[in-house]
Structures are given as C-alpha cells and as structure tokens.
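**Q** Fit chains B, C and D to the supplied structure of chain A, relying on the hints for placement.
Chains as they are written, first to last, in the numbering used here: chain A, 1 to 261; chain B, 1 to 261; chain C, 1 to 261; chain D, 1 to 261.
Honestly, the hints are just simulated from the structure, not real lab data. Careful: at least some of the hints might be erroneous.
Identical copies look the same in the list; a pair holds intra-copy or inter-copy alike.
Within a straight-line C-alpha distance of at most 25 Å, the following computed SDA-like cross-link-like pairs (lysine to any residue) qualify [what the hints assert, rightly or not]: (1) 152 / 20; (2) 136 / 114; (3) 142 / 235; (4) 72 / 20; (5) 187 / 83; (6) 221 / 123; (7) 236 / 170; (8) 12 / 217; (9) 91 / 240; (10) 72 / 154; (11) 184 / 74; (12) 115 / 81; (13) 187 / 57; (14) 72 / 161; (15) 169 / 234; (16) 169 / 244; (17) 212 / 52; (18) 115 / 187; (19) 156 / 70; (20) 244 / 101.
In case you want the letters, here they are:
Number of protein chains: 4
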Amino acid sequence: MQNIEGKEEKMKNETYVHIVNKMKFKNPILVEGLPGIGLVGKIAAKHLAKELKAKRIAEIYSPHFPHQVIMKKDGTIRMLRNVVYGYKKGKVEILILIGDVQAVTSDAQFEVTNKMLDYFESLNVKEIITLGGYGKGTTVDKIKILGSVTHKELIKKYEKKGVIFGEAKGTIIGAAGMLLGIGKLRKFNGICLMGETHGAFVDYNSSKELLKVLCDILEVKINLDNIDKQKAKHEKLVKEELNKLSEIDKSEGFGSLSYIR
Amino acid sequence: MQNIEGKEEKMKNETYVHIVNKMKFKNPILVEGLPGIGLVGKIAAKHLAKELKAKRIAEIYSPHFPHQVIMKKDGTIRMLRNVVYGYKKGKVEILILIGDVQAVTSDAQFEVTNKMLDYFESLNVKEIITLGGYGKGTTVDKIKILGSVTHKELIKKYEKKGVIFGEAKGTIIGAAGMLLGIGKLRKFNGICLMGETHGAFVDYNSSKELLKVLCDILEVKINLDNIDKQKAKHEKLVKEELNKLSEIDKSEGFGSLSYIR
Amino acid sequence: MQNIEGKEEKMKNETYVHIVNKMKFKNPILVEGLPGIGLVGKIAAKHLAKELKAKRIAEIYSPHFPHQVIMKKDGTIRMLRNVVYGYKKGKVEILILIGDVQAVTSDAQFEVTNKMLDYFESLNVKEIITLGGYGKGTTVDKIKILGSVTHKELIKKYEKKGVIFGEAKGTIIGAAGMLLGIGKLRKFNGICLMGETHGAFVDYNSSKELLKVLCDILEVKINLDNIDKQKAKHEKLVKEELNKLSEIDKSEGFGSLSYIR
Amino acid sequence: MQNIEGKEEKMKNETYVHIVNKMKFKNPILVEGLPGIGLVGKIAAKHLAKELKAKRIAEIYSPHFPHQVIMKKDGTIRMLRNVVYGYKKGKVEILILIGDVQAVTSDAQFEVTNKMLDYFESLNVKEIITLGGYGKGTTVDKIKILGSVTHKELIKKYEKKGVIFGEAKGTIIGAAGMLLGIGKLRKFNGICLMGETHGAFVDYNSSKELLKVLCDILEVKINLDNIDKQKAKHEKLVKEELNKLSEIDKSEGFGSLSYIR
Chain A
1 MQNIEGKEEK MKNETYVHIV NKMKFKNPIL VEGLPGIGLV GKIAAKHLAK ELKAKRIAEI
61 YSPHFPHQVI MKKDGTIRML RNVVYGYKKG KVEILILIGD VQAVTSDAQF EVTNKMLDYF
121 ESLNVKEIIT LGGYGKGTTV DKIKILGSVT HKELIKKYEK KGVIFGEAKG TIIGAAGMLL
181 GIGKLRKFNG ICLMGETHGA FVDYNSSKEL LKVLCDILEV KINLDNIDKQ KAKHEKLVKE
241 ELNKLSEIDK SEGFGSLSYI R
Chain B
1 MQNIEGKEEK MKNETYVHIV NKMKFKNPIL VEGLPGIGLV GKIAAKHLAK ELKAKRIAEI
61 YSPHFPHQVI MKKDGTIRML RNVVYGYKKG KVEILILIGD VQAVTSDAQF EVTNKMLDYF
121 ESLNVKEIIT LGGYGKGTTV DKIKILGSVT HKELIKKYEK KGVIFGEAKG TIIGAAGMLL
181 GIGKLRKFNG ICLMGETHGA FVDYNSSKEL LKVLCDILEV KINLDNIDKQ KAKHEKLVKE
241 ELNKLSEIDK SEGFGSLSYI R
Chain C
1 MQNIEGKEEK MKNETYVHIV NKMKFKNPIL VEGLPGIGLV GKIAAKHLAK ELKAKRIAEI
61 YSPHFPHQVI MKKDGTIRML RNVVYGYKKG KVEILILIGD VQAVTSDAQF EVTNKMLDYF
121 ESLNVKEIIT LGGYGKGTTV DKIKILGSVT HKELIKKYEK KGVIFGEAKG TIIGAAGMLL
181 GIGKLRKFNG ICLMGETHGA FVDYNSSKEL LKVLCDILEV KINLDNIDKQ KAKHEKLVKE
241 ELNKLSEIDK SEGFGSLSYI R
Chain D
1 MQNIEGKEEK MKNETYVHIV NKMKFKNPIL VEGLPGIGLV GKIAAKHLAK ELKAKRIAEI
61 YSPHFPHQVI MKKDGTIRML RNVVYGYKKG KVEILILIGD VQAVTSDAQF EVTNKMLDYF
121 ESLNVKEIIT LGGYGKGTTV DKIKILGSVT HKELIKKYEK KGVIFGEAKG TIIGAAGMLL
181 GIGKLRKFNG ICLMGETHGA FVDYNSSKEL LKVLCDILEV KINLDNIDKQ KAKHEKLVKE
241 ELNKLSEIDK SEGFGSLSYI R
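Excised from the complex, chain A in its bound form (with noise of 0.2 Å):
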C-alpha cells in the first residue's frame, strides 16, 4: 500500500493511512464525521463529501476497527474503515473525514488519532472541526449548535455564525474529542459543533441545522434537499418496520389485557 510518505509499505499491524490519490493543500480545515450520537456527525460530513464532490483521497485500515469485512451488493468484500475526501476551489480547501466505525478502547482512540494527526499535518492542516450530536434526552424544537473550542480566543469567531457556547456540559467521547484534545497538545487548533438532539434516534433534522452552520463557516454553498430527501426515506423505513412489529403484537397478543405471560 501507499503510505504517507509515498512509499510502497506492507500492512502492519497498526493503524494505517494508505493513500489513494495524492492531492495538495495549502491550508485546509478538516472536518470530521464518524458515527457518533444520532448520527448527526457523521450524516452531516457525508452530505457535504457528497455535495461538494470531494476527491477520496485516503483510506485508513486499523487493527482496532473490527475483524469483519462487508460484503457488498456487487459481490465483492471490502474492510471496515474510515475515509479522507479531499475539496478545493480557489481559496477553499476542505478535508473531510467520514467511515465505518471508531475504535472503542483509549489505547485504540489514541492509536488512531495520532496516525490520523500524523496525516493531516502532512496535508498542512490547522484547523480542525469535529462534528457531533449533543444528547437532550429530549426532542428538540428549535435546534441549537452548540460548540467547545481548544482555544478561548476562537470563541468570538464562531458566535459570529450563531454557535452558542458555555452550554454544553460534561465529555465528547471518542474521535470527536481526541482530535481536538490530542490535536490541542500537538499544536492543532479547532471546534467542536454539536447539534442538539434526542440523543436515541438518528436526526436529520439536527444535521441539516449543523450543516447550515458549517458550511457559512467553510464559506461553501450546498444543496441541502437530499437530506430532506434521506430523511423521508429514512422515516418511511422505520414506519414499515414498526407496522411490521405491530402486526406481530396484533396476531400474538402482545400488550393487550388478553395476554398473560
């Protein structure tokens, strides 16, 4: 495979970042989407990738991610992974950072972070922007972006686009929180975005908001009808299947006074 410094390199038993297209930056932000708290991170970045047409530009394999592979619809297997799109129109460069899973363990996250770090500092990268869903444990009506930074003077610069700060309380886990946490230790600078949301149910909703915000600050223009679009297919989806549960109840009793267990 084709590592970060251009050579041909064997697979260890490590996490690795193996390029697919060599592609240059001068000052990219990236933005991170992994699966994460209703998917709202990771529907997000997807959407964007898609919209922008951005170039995949590397493919990062891990010992930690699970030993599974997918079997697709064409027949073919492929590994679990994560995936790095590459965008640039004029002064805009933008990397996108989606995929499969996260690792679970610490060991695992710090691993994987570091590798990737190692990545998007050879890319030029600065800026980092994590994307996630922020728990309510309630529905939301009017969802609020909530952020946390690495550094308090970048506070002013993101309330300009309408992300409220001091709100958000307690810990980011996972890739979303590393990034920024170890990425804070090796000199990278950047945000969180939250999206408020239930925190049970994936939420294109939230997405769409988290989108509006990200994208005045990438100073990028999309389309955002495909979310509307996904989420009604999506809905559809999960109305069959509680019809489909409930047919069951119906035939079996399930939940009414006549059935005693």
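**A** Quick look at chains B, C and D alone, frame taken from chain A:
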C-alpha cells in the same frame, strides 16, 4: 523452532509460524477452514486434507490463542494451534489451513492474519479460498453455495462453478473475512465460499455441498462418503445426549406440572 | 510538547509527562492524591496544593485514561489528565500529584507508574507519601490514620506523628499502592496514609484528619477551614438531590402501600 | 533490580525476573505450584519448599499481575509476585516456583511463561514438573495422581512411580499447561501431575497424595505431618465461618419455613 526463513528461532511473544516440513510450491491455492458458523468450513477443509493425504507443513502458535494445552488420549499434551497442510500433484497445488481455534479480538486477528499471509507469500500463494457457513436461522432444503470475492472480475469464473453472488449480506467475521480483506490490501485475490446453514447446529450436509463446489474449483476428486459416516456418528452422539437429558427430565419431573420449585 | 529531558517531543502512543514549568528540587517529598475510596486522598491533596499555592509543573496524559475530553464552563475543552504541583519554601520541598482519573488495567497502571517514577526520579524524589481512604463499611466516630510502609525502619518515624500500623489489612489497589510497590523495587521509600472512612460516601472529615497528620509530617501549616466550607457545600448539594428524589417518590407513590407494581 | 544476566536494571513495563540470590545448578528439576484448582499444586509446592528449607533465589514481577500491593501484618507492603526457591543436596537439584497469582489473559500467560523459561534455561533446567488439581466435581475416596507428559517416551518412567496416564481429559489451563506447552516447543520436557479433587474446595488431602508421588520422583524425603496440621487449622477456620453464618441464619430466619421473602 524452525521459522519461515528456515532458521532456528526462540519462541517469542507473538504469533509464530513453525515450519514442520519444507515443501516448495509454484502457485498454490490456499483453502482456509478454521472453526466458524456450523463448523461448515472446518469440516470441509479437514475432510479435504484427509482425503488428499496432504502433508503437515507448518504449525501456527499464538499468544492470542487460549492459554491452554490439550491432554491427548495417548497421555501427552499439545498446545492449541492452527496447522497448514500441503498437497501437490501435477499442476494442482493446494494449501489447507485448519485448526483448533481463532483469535478472538480484532488486534489479534490482524496479527495472526498478517503473520499467516507472510508465510503464504513465501510459498507463492496468490489465490485464497476461505470457507464458511452462511447462517440462515432456519433449516435449508436445497443448500446453495454463496460467494463474495476480493475483485469483481473474479465473479464470472466462480459463477461457472455454481457459486451464487449478490445474495450474501452483512459481514464476514474472523479469519474467513480477514484473510481476504487484509489479503486484498496485500495483493492477494480470492473468494469466501459459504454453505447455507441453520447456524445453530454443526452441519455436515452444508460442508458436503461446499466440498463439491470446492473440488470442482480446485480440480481434484475426493471421496465424500466419509463425511456421511462422520455425520451419522455425530448424530448418534447427539441423540444419546438428548436421551440422557430426557431421562433426567422424567426422573426429576422437569417441565411437568407436578414439579414445583 | 516539552518532555522530561526538556526537549520538544511529539505525542506518542504512550503515557506522557508534559513539562509545564521547570522547577528544581533537592530532596522533595511526593504526595499522591488521585481519585480513590471516599475521595479521601484526592480531597486532601487538592486542598494541600491550593492552600500552599503550589505551582503547576507537569501534566500527565495517557492512552490508558478514558478517550474523552472535558467541556469546561468557559467554552474550551481539555484532555483528562493527572497534574503535578511543586512547592518550595526553605527546606520544605513538596510535589503533589492529583488528577481526574487513574488507569484501570494492571498493564496500564504499571506503565503510568513507571513513567511517573522516571519523572519523580529526575526531580530527586526519594520519599513518597500516598494518600487514601481505608473503607470500614460503617461510619467511624473517631477517624484513625492507618499506615503501611515500604521499609520496616520507617514505622517509628511515622508512629510519632500518630499513624497507626498493623491495623490495615488486605491490599492497596491502584496508584496509592503501585507508586510504593514499584517504587520500592526502584529504591524509593514511603508510606501509604489511609484515613478511615465508610467507603460508600465522599468523606471530607476523613480528608481533614488525614491532612492534619500529613501537614505534621511535611512540616507545613495550612488553613483547614476551606475543607469545612467544601464539606458544607457538598452536603447541601446532596440534600437537595435527596429532596428532589423524595418529591418524585411522593408524586409517583414509590414506597407507599398504595403503590402496586 | 538485578536481572538474570546479573546486571542492575530499571523496572520496565514487562514481566521481570529479579535475582535475589545467585545459586548455580547443573541439571535441576523445576516444580511449579502456582494457584489453581483446589490449590492442590500450590499447597504441595509450598510445603515442599518449606520442608526442604529451599532458598529464595528469584522474585517475578509482572504488569500482568493485579495492580495491588499486599499490606503485611508487620506494617509493610509488598507487590504481588511469583517466587522461585532453589534446593541442592548431592545430586538432587530442585527449583520450586510458587506465588500469589497467575496472569489472567492469554497474551500475558505467554509473556510470563517465556520470561520464566528464559530464566530456567539460564539455570540449566531441562525437566519441568507442574502440579495441579484434577477437578472431578465430586468427592473422591481414593485420590489418584494423573499425569500428562510432553513426550510419549516419558510415560514409562512416571508410571513406575504410580502416575496414571490416559485418564485425564480436556485441557490444562494456565501456568501448569503453558510451561509444558511452550516448554515443549522450546525443548524442555516434563509432566503435569494432577491430584484428583472435588474442585470446589481447598484440598489438603489431594496435595498430600500428590506430594508422596512427587517426593518419590524427586528422590527426596520430607515430613508430611505439617500438611495435616494446616488441614486441621483450615478446617477449623471453615467450621467457625459456617457456624457464624448459621447463627445469622437462625436470627434472621433464613431457610426456615417461617421466613417469607
């Protein structure tokens, strides 16, 4: 122990391929049949090695296999391990990988797989066939052999042998997946052949159907009668156990109304 | 980051002592108060550092601490970590080790402890005092301070300060034990000072008694009033929470005879 | 600490054999008795070391042993560890390995075992006798000593001493198995001697029978009276505990018909 470079080497704290017999190959096909769903792959691969009278060429030990030794009937002990058998006759060259166990964690699977691929590379393997069961959760009348390949262009070749593509969904867990997934990144190509099976039982029938297709692919002919004998033996054993349990049930009154706990 | 040899160093995938302020010591005593039983040690050590106005000299990061970042009230994030404070006044030289977390597994505790001891060695530490709670499983009227030392000849010295020996039984788990256990093998000497405590509650009283003995040993005088204020604050908080729960109980009828589940 | 090459060495983050006393051997037999089923092996090996007045020659520390220190009655702490004792008298040379704990995971068992074997190799050990209990799940009238060897040709020699072969089934878990399993791959030979035991209780009787056979093999004579004294002491303790529990039962009505939960 004899390592893959032919040198004496001390046991280290990592997965180790111990060469038992040196045997050279030009372009062998690797068949993997480690323990998995319904033991479909293991039974098939073991039967193949036995019928071909293949030669034991390597033993694989790993700190990631359980820390137990097996007490054999002859009064000796042996480590848990994987074993590689080699077979050559004219143009037909086959390696068969079977064993007691698989590593359980992702890290461990990566290490074991990479060590094995190093060894298989040294034997000029380019094509890998992994065997497994495809759990249907229900009994199957007509057992189909499903496939998933590393590269799209391989599909045609295997379809001609009766392998069905595009039907298997989800992921392949463990060695059968990893050898292909990591293998693909390391320039191997291959297929996972899956015999449909219930999933909750040892399934000799599925193994037999799998073997028919496999032998056709490998261009070898073997006697399959022994697999039926093993099946009969296994079924007798299971019935005896069930009878014992039912005797206990009767005497202790389990499940009867007279039994009150 | 600044490593213990004073060089800039990249974050690696291991426990890392990041030097924040260089401060030289001739023969400092290390006081450890990481989170443990009843938070007895943590409260005492934190109070000591605060009252002495000790200076933050190092931060310890580790892949064995949870992969989370804390969102602070000021809108910024920070990694979970341990922190070392330094204090010098005349002949009195004290290092204080406190933090958010401890490593959970044995391997991790060994790595973290050894890295810390490397650092403490470089600061000429020879004596280590670890603080903890000694769980009695019941409320204690007169809190005794129990001790267990690395070397028998140290007992007399500490007995004079009111520490009771031979009464504590069982094992000391985590940093308070490891720093002394591994420390002993690495030629450090020291004591674990344990304040008797119930074990199931945060115990400011035990911390206070512990601090009295500790300050006598360290030959420093500090104001202990703040610990009482913190205690009052903590108790108020707990009471409010309990009241809320009891309100819920009343409204939902928990625990009353009319409530049937 | 003093390492196995006789050099001073810092504690590293791996299993460490710390030499306490240098003692030379020509061809010693290693006897292992770490904690296992019914403590049969541990009691026997400990008794042997005591009666032979064997000399403590090495201590083994490991990051894979629990991260705890033991508080001793004399007011000092010590790390959990394994200990090697040495005994020499004429042609009889014996090493005895006992300890507080075993490593729990497979990786850890491999590391610890390999480190120990490095040490035993340096002392010219060729033969290993591991001790254990063989759980029968029921009380045994006449305790048999079962064996399983590394090499078939050893069976005769041990059969003459009353060891029974071919009867023990299943696997040997932990050090008693690993020292022989990995040992065999590293050119050691040996036997696991198992005293039949219930499995759920500490079994001094089985240890005593085991010791009789072991002493015959080792060609030493020791007094076994102390094992009976220990047994009596242990039984007294267990009875007292049971009486206490039965007092509680009476007062609280456990187990009586009048008690309704």
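**Q** Against each hint, give a clear statement of whether it holds in the structure.
**A** How the hints compare with the structure:
no.: 1; hint: 152 / 20; verdict: between (36 Å within a copy, 19 Å between copies)
no.: 2; hint: 136 / 114; verdict: neither (30 Å within a copy, 41 Å between copies)
no.: 3; hint: 142 / 235; verdict: within (20 Å within a copy, 36 Å between copies)
no.: 4; hint: 72 / 20; verdict: within (20 Å within a copy, 39 Å between copies)
no.: 5; hint: 187 / 83; verdict: both (23 Å within a copy, 20 Å between copies)
no.: 6; hint: 221 / 123; verdict: within (24 Å within a copy, 54 Å between copies)
no.: 7; hint: 236 / 170; verdict: between (34 Å within a copy, 22 Å between copies)
no.: 8; hint: 12 / 217; verdict: neither (38 Å within a copy, 32 Å between copies)
no.: 9; hint: 91 / 240; verdict: neither (46 Å within a copy, 55 Å between copies)
no.: 10; hint: 72 / 154; verdict: between (43 Å within a copy, 14 Å between copies)
no.: 11; hint: 184 / 74; verdict: between (42 Å within a copy, 16 Å between copies)
no.: 12; hint: 115 / 81; verdict: both (14 Å within a copy, 21 Å between copies)
no.: 13; hint: 187 / 57; verdict: both (24 Å within a copy, 20 Å between copies)
no.: 14; hint: 72 / 161; verdict: between (40 Å within a copy, 21 Å between copies)
no.: 15; hint: 169 / 234; verdict: between (30 Å within a copy, 19 Å between copies)
no.: 16; hint: 169 / 244; verdict: between (39 Å within a copy, 21 Å between copies)
no.: 17; hint: 212 / 52; verdict: within (14 Å within a copy, 49 Å between copies)
no.: 18; hint: 115 / 187; verdict: both (15 Å within a copy, 23 Å between copies)
no.: 19; hint: 156 / 70; verdict: between (44 Å within a copy, 20 Å between copies)
no.: 20; hint: 244 / 101; verdict: neither (29 Å within a copy, 39 Å between copies)
When the structure is compared with the earlier hints, violations turn up for hints 2, 8, 9, 20 and for no others.
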